[in-house]
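Peer 1: Using the sequences plus the hints, can you model the full thing?
Each chain is listed here by its residues.
Number of protein chains: 2
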Amino acid sequence: RCFHFCKLPGRVMGIRLLRFTSVVIIVLLLVAGALTALLPTIKDDKLPNSRREPKTQSQSALDSFTLIMQTYNRTDLLLKLLNHYQAIPHLHKVIVVWNNIGEKTPEEMWNSLGPHPVPVVFKVQTVNRMRNRLQNFPDLETKAVLMMDDDTLVSAHDLTFAFSVWQQFPEHIVGFVPRKHISTPSGVYSYGSFELQNPGFGNGDRYSMVLIGAAFFHSGYLEDFQRQPEAVYALIDETQNCDDIAMNFLVAKHTGKPSGVFVKPVDIRNLEKDTNSGYSGMWHRAEHLLQRSYCVNKLVNIYDGMPLKYSNIMISQFGFPNYANHKNKM
Amino acid sequence: RCFHFCKLPGRVMGIRLLRFTSVVIIVLLLVAGALTALLPTIKDDKLPNSRREPKTQSQSALDSFTLIMQTYNRTDLLLKLLNHYQAIPHLHKVIVVWNNIGEKTPEEMWNSLGPHPVPVVFKVQTVNRMRNRLQNFPDLETKAVLMMDDDTLVSAHDLTFAFSVWQQFPEHIVGFVPRKHISTPSGVYSYGSFELQNPGFGNGDRYSMVLIGAAFFHSGYLEDFQRQPEAVYALIDETQNCDDIAMNFLVAKHTGKPSGVFVKPVDIRNLEKDTNSGYSGMWHRAEHLLQRSYCVNKLVNIYDGMPLKYSNIMISQFGFPNYANHKNKM
Numbered sequence: 001r002c003f004h005f006c007k008l009p010g011r012v013m014g015i016r017l018l019r020f021t022s023v024v025i026i027v028l029l030l031v032a033g034a035l036t037a038l039l040p041t042i043k044d045d046k047l048p049n050s051r052r053e054p055k056t057q058s059q060s061a062l063d064s065f066t067l068i069m070q071t072y073n074r075t076d077l078l079l080k081l082l083n084h085y086q087a088i089p090h091l092h093k094v095i096v097v098w099n100n101i102g103e104k105t106p107e108e109m110w111n112s113l114g115p116h117p118v119p120v121v122f123k124v125q126t127v128n129r130m131r132n133r134l135q136n137f138p139d140l141e142t143k144a145v146l147m148m149d150d151d152t153l154v155s156a157h158d159l160t161f162a163f164s165v166w167q168q169f170p171e172h173i174v175g176f177v178p179r180k181h182i183s184t185p186s187g188v189y190s191y192g193s194f195e196l197q198n199p200g201f202g203n204g205d206r207y208s209m210v211l212i213g214a215a216f217f218h219s220g221y222l223e224d225f226q227r228q229p230e231a232v233y234a235l236i237d238e239t240q241n242c243d244d245i246a247m248n249f250l251v252a253k254h255t256g257k258p259s260g261v262f263v264k265p266v267d268i269r270n271l272e273k274d275t276n277s278g279y280s281g282m283w284h285r286a287e288h289l290l291q292r293s294y295c296v297n298k299l300v301n302i303y304d305g306m307p308l309k310y311s312n313i314m315i316s317q318f319g320f321p322n323y324a325n326h327k328n329k330m
Numbered sequence: 001r002c003f004h005f006c007k008l009p010g011r012v013m014g015i016r017l018l019r020f021t022s023v024v025i026i027v028l029l030l031v032a033g034a035l036t037a038l039l040p041t042i043k044d045d046k047l048p049n050s051r052r053e054p055k056t057q058s059q060s061a062l063d064s065f066t067l068i069m070q071t072y073n074r075t076d077l078l079l080k081l082l083n084h085y086q087a088i089p090h091l092h093k094v095i096v097v098w099n100n101i102g103e104k105t106p107e108e109m110w111n112s113l114g115p116h117p118v119p120v121v122f123k124v125q126t127v128n129r130m131r132n133r134l135q136n137f138p139d140l141e142t143k144a145v146l147m148m149d150d151d152t153l154v155s156a157h158d159l160t161f162a163f164s165v166w167q168q169f170p171e172h173i174v175g176f177v178p179r180k181h182i183s184t185p186s187g188v189y190s191y192g193s194f195e196l197q198n199p200g201f202g203n204g205d206r207y208s209m210v211l212i213g214a215a216f217f218h219s220g221y222l223e224d225f226q227r228q229p230e231a232v233y234a235l236i237d238e239t240q241n242c243d244d245i246a247m248n249f250l251v252a253k254h255t256g257k258p259s260g261v262f263v264k265p266v267d268i269r270n271l272e273k274d275t276n277s278g279y280s281g282m283w284h285r286a287e288h289l290l291q292r293s294y295c296v297n298k299l300v301n302i303y304d305g306m307p308l309k310y311s312n313i314m315i316s317q318f319g320f321p322n323y324a325n326h327k328n329k330m
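Those protein sequences? They're chains V and W, same order as listed.
To convert, note that position 150 of the first sequence is 150 in the UniProt record's numbering; the numbers rise steadily by one, no gaps.
To convert, note that position 121 of the second sequence is 121 in the UniProt record's numbering; the numbers rise steadily by one, no gaps.
Among the hints, erroneous ones may be present.
For chains that are exact copies, the list does not tell them apart, and a pair is met inside one copy or across any two.
[Claimed, not checked] Calculated pairs, DSSO-like style, for lysine-lysine (alpha carbon to alpha carbon, straight line, at most 27 Å):
{"no.": "1", "residue 1": "Lys309", "residue 2": "Lys143"}
{"no.": "2", "residue 1": "Lys273", "residue 2": "Lys329"}
{"no.": "3", "residue 1": "Lys257", "residue 2": "Lys143"}
{"no.": "4", "residue 1": "Lys327", "residue 2": "Lys80"}
Derived by calculation from the structure, the hints in this document are not laboratory data.
Peer 2: Put into structure tokens, the structure is as follows:
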């Protein structure tokens, strides 16, 4: 009968075994911990423009942008474009600036056709003004704004690339439509595109503005725009035009550099012919271009100088669409 | 007889006249000075890349660059290229790195065919080393270096534009030949061009190096290169290759950004077929590309990490050669 003797060593054995086991387990854990510390660190080649896996709507406000699209009398185009733009990578939210005064927004219909990839807010306006889209919307959470006209379709590839370019040039208007001003011996400026003579020296052309109807820019500039002289608002309201020229003046003055960086689009389309509304956009007005030259000169007066600067940098995406689009004879 | 009386009033008159005249002159000068202050200031549209009128050889060291061209066994090509490059706008001086050991430089002939637009100095080397061109030459007076292989012809238009781009990206290697590294699951890197798979995410290709055989970079990097670990010199000497890869590692490490900015050349030519020497350049050696992959991995060891970063920015000149080269369907 082993009762006392057996129990005692058993208990002692038990305790020793317990201790021994604990020690062994602790040692094993320490060794495992040491081993993980010795694992080779994975050397990540940091891609400055890596696209993350699709996130939920809580996409980082630093790595995403807000689309601001003003609309007037082309709701069919708006909805067609929203179906396209709502799915662009890195999009955080859409703000539709509703210039159809007194008319109901398509919000109900929009919601009934959900779910949607991102939130879309309809900002009902009280007056049909061109500069409504340049308000400092409280809904804006991102550093970047993508502003698009309600008749312009730019491919997702172009937008993704241009957004990555904006992230490298955040103080500039990075977009797809370059324009320029030229000065004349009389001192009066004129506005135009490549059909105008090349300004300055050297060969090739130059641009001094990138239009905001298809461009990325820093949301801080919307804040800055609220502090413009009254004369600027009056000019835009008088012409129902030139808000984009005014923005280029603002940015150029702020940076002391060319306001824009031009990214050559692969696929950009104007859909205005597709609208059922019959409404074809402000730029068809006879006086449109003359107005813009007028605006340039008025803004020079308001700014007491010409802050716009020229650039001849044209950016394209390396190896896209053609993977050898940089190939040369060498 | 008017003597006393006439003289006195005459003298008095004379003094008064003198005083009056002086006062009038002074007042006129003051008025003129005030008027010049009121003249409208000439508002210059500052062109960031304006080409100045041809200067004498005392061109500002900030607005000009030094061409460094290393040469071995292709003096005929060298001289042909020098005739072209000596006339590039904004060129300050040419430094020829003479790797033809024991052979006389063509300096006498060069001088006998003067005058030349810029000074050309022949730096006689004692050993035929690939990295001879990466010395910190005391002859260097400019911030910018243009480094060209002795068989590469790049048009003046391309060089003028690329120089203006470098001035906007002075910490980068701004050039015409992009290359990349890719990593593989084994962790071993490989070197190549667009025939290799696209690294990373997103569409299109990427580059992580711009070769210095046709590029602008800051002369400060030649200084920095003198402080590289011995292992880097040993690697370049062992392979007689990879000095350009080493420079890209240096620049990427220094900036924490992609080392290069790729400017798409309009007119770049390799003249090696035109040489009488029969010598056709190091890149024809069977092991050339394998060596470069080898160098990438060795440099990662030396640097204890991979500092190279990818970029997909391709820069072209707006409106050149075709003044509407940015036109789109809109």
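Peer 1: Work down the list of hints and note, for each, if the structure agrees.
Peer 2: Going through the hints against the structure:
| no. | hint | result |
| --- | --- | --- |
| 1 | Lys309 <-> Lys143 | both (24 Å within a copy, 24 Å between copies) |
| 2 | Lys273 <-> Lys329 | between (42 Å within a copy, 13 Å between copies) |
| 3 | Lys257 <-> Lys143 | both (20 Å within a copy, 21 Å between copies) |
| 4 | Lys327 <-> Lys80 | between (37 Å within a copy, 25 Å between copies) |
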